[in-house]
Amino acid sequence: MADKKYESLKIENIVASGAIAESIDLVEFSKTVKNCELNKKRFPGAVYRIKEPKMASLIFSTGKIVLTGARNNKALTDGLAILIKSLKEAGIETLKEPKVAINNMVCSYDLGKYINLNKLTVTLNVENIEYEPEQFPGLVYRIKDPKIVVLIFSSGKIILTGGKTLEDVKKGLDILEQKLESIM
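Numbered by the working numbering, the letters in the sequence shown go through residues 1 to 184 in order.
Hints are supplied without guarantee of correctness; some may be wrong.
[Said to hold, decoys possible] Capping the alpha-carbon separation at 16 Å, the derived lysine to aspartate or glutamate pairs in EDC-like fashion look like this: (1) Lys64 to Asp25; (2) Lys54 to Asp78; (3) Lys5 to Glu177; (4) Lys157 to Asp110; (5) Lys51 to Glu37; (6) Lys179 to Glu127; (7) Lys144 to Asp174; (8) Lys64 to Glu22; (9) Lys88 to Glu28.
[What the hints assert, rightly or not] Each pair of labels, with its calculated beta carbon distance range: (10) Pro53 to Gly156: 23 to 31 Å; (11) Thr32 to Lys54: 19 to 27 Å; (12) Val27 to Val140: 35 to 43 Å; (13) Asn116 to Pro146: 24 to 32 Å.
No lab work stands behind these hints, which were simulated from the structure alone.
All C-beta atoms in this analysis are idealised placements derived from N, C-alpha and C, irrespective of residue type, glycine included.
Generate coordinates for the entire structure from the input sequences, incorporating the hints supplied.
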């Protein structure tokens, strides 16, 4: 049963990176595979877009990759499998054990209540926050452990970024809610 507390927590994007091959002939790969763009004047890697699950892969000649756009671990795993299959079909030898790990999860959450950001700025530890409403309408709150950055908006909507796992994101959310309870 899903935890009611985290009901509105939603993964918006997962970014993962790592090594998938010793080297990749990007010119050959981009010619062979549909939905793959290569423009070395603008970007040193190929951009391979996967339709289902919707994801983009940045592929470099060194065999390194960056995957972005997945909204859950299954989509990330499925997208990686499609990428590996496409590389093999293009005649590129991949690593037996690709070394790909999540670097960042971007999640959204609704606190369900209005937040007075001016009051929050005055009461929270000044080292960990930035609030300049003339430049950005949200308050930026940095949590040290786990290393999470939280964007808090007066509507009660928040964005959490920096977590490598959903557990990290939930811990960050718990820390934020404890702080809010103690001052609101």
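These are the hints, each one checked on the structure:
1. Lys64 to Asp25: holds (12 Å)
2. Lys54 to Asp78: Measuring from Cα to Cα gives roughly 10 Å; hence the hint holds.
3. Lys5 to Glu177: Within the cut-off at roughly 11 Å; holds.
4. Lys157 to Asp110: holds (4 Å)
5. Lys51 to Glu37: Between Lys51 and Glu37 the Cα gap is close to 14 Å, so the pair holds against 16 Å.
6. Lys179 to Glu127: holds (14 Å)
7. Lys144 to Asp174: Roughly 13 Å separates the two Cα atoms, so the pair holds.
8. Lys64 to Glu22: holds (8 Å)
9. Lys88 to Glu28: holds (12 Å)
10. Pro53 to Gly156: 23 to 31 Å: holds (30 Å)
11. Thr32 to Lys54: 19 to 27 Å: holds (22 Å)
12. Val27 to Val140: 35 to 43 Å: This hint holds: roughly 42 Å between Cβ atoms.
13. Asn116 to Pro146: 24 to 32 Å: holds (26 Å)
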